[in-house]
Each structure stands twice: as C-alpha cells, then as structure tokens.
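Full structure from sequences and hints, please.
Going by the numbering used here, the final residue of the sequence shown carries number 102, and the count climbs one at a time with no gaps.
It should be emphasised that the hints constitute simulated quantities derived from the structure, not laboratory data. There is no bait here: all hints are sound.
Taking CB as the label site, the calculated pair distances span:
#  : residue 1 : residue 2 : range
1  : Pro74     : Val52     : 17 to 25 Å
2  : Ala88     : Ala53     : 18 to 26 Å
3  : Ile5      : Pro78     : 16 to 24 Å
4  : Glu69     : Asn96     : 13 to 21 Å
5  : Gly63     : Pro29     : 36 to 44 Å
6  : Thr13     : Val52     : 15 to 23 Å
7  : Arg27     : Pro91     : 31 to 39 Å
8  : Pro62     : Val41     : 25 to 33 Å
9  : Gly63     : Gly42     : 30 to 38 Å
10 : Arg4      : Gly90     : 18 to 26 Å
11 : Leu49     : Ala14     : 19 to 27 Å
Source: prediction; values computed, not measured. Ideal Cβ positions, reconstructed from N, Cα and C, are used throughout, including at glycine.
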Amino acid sequence: PRGRILMGVVDETATLGPNQVFIQCTRNPRDTDDTYSGCLVGERRFTVLGRVAIAKNPCMHPGDIRVLEAVQSPALSPFRWDVIVFPAVGPRPITNMCSGSD
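See the structure below:
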C-alpha cells in the first residue's frame, strides 16, 4: 500500500548529492496522516524521507534494486505530480544501474 509508480527525472538544480533522491507524491484523500509516517506531509502532497529501495519496472535482476537516501529539497518541491528526482552528479547515473536504463 505504500508503494508507488513514479516518473523519474534528473535534478537540473544540482542540489542532490550522489545516492540521494527527491520523492514527492500526491496524497490519497482517504488516508490519515498516520499513513505517511516518516514523510513530510502537505495538504495535497507528501515528500518521502529516509532510506528507500527503488527499481525500474521490470526489474531484471535483484542487483538492479538500489537503496538510496530520500531527502527534502525546497528547490524541487514545486513538482505537482508523482515524481522521483535523481541526482545529476556522481560516478555513474543511478538510472543506468537499474536494469541498464538511460
């Protein structure tokens, strides 16, 4: 029930560090605030914080799953839809490590 399918985009603001992501989702109106424990909750959206496991769909190999740190970023909070923002810095793009995606 806490899983989501998200649109992945790159951090054009360069505020995220390696192995950090920004995840923001729309709230389900029927959910209570307890549903989003460990998240920053707004009126219509919530921001995920802490360790998260991500995978591209379909996930071809268990090694394609990545454990990353979800952080708050005011520069990225204007997104209005379910999104995961990947960093533009680091030795190799995180999206490339997930099932060879680009």
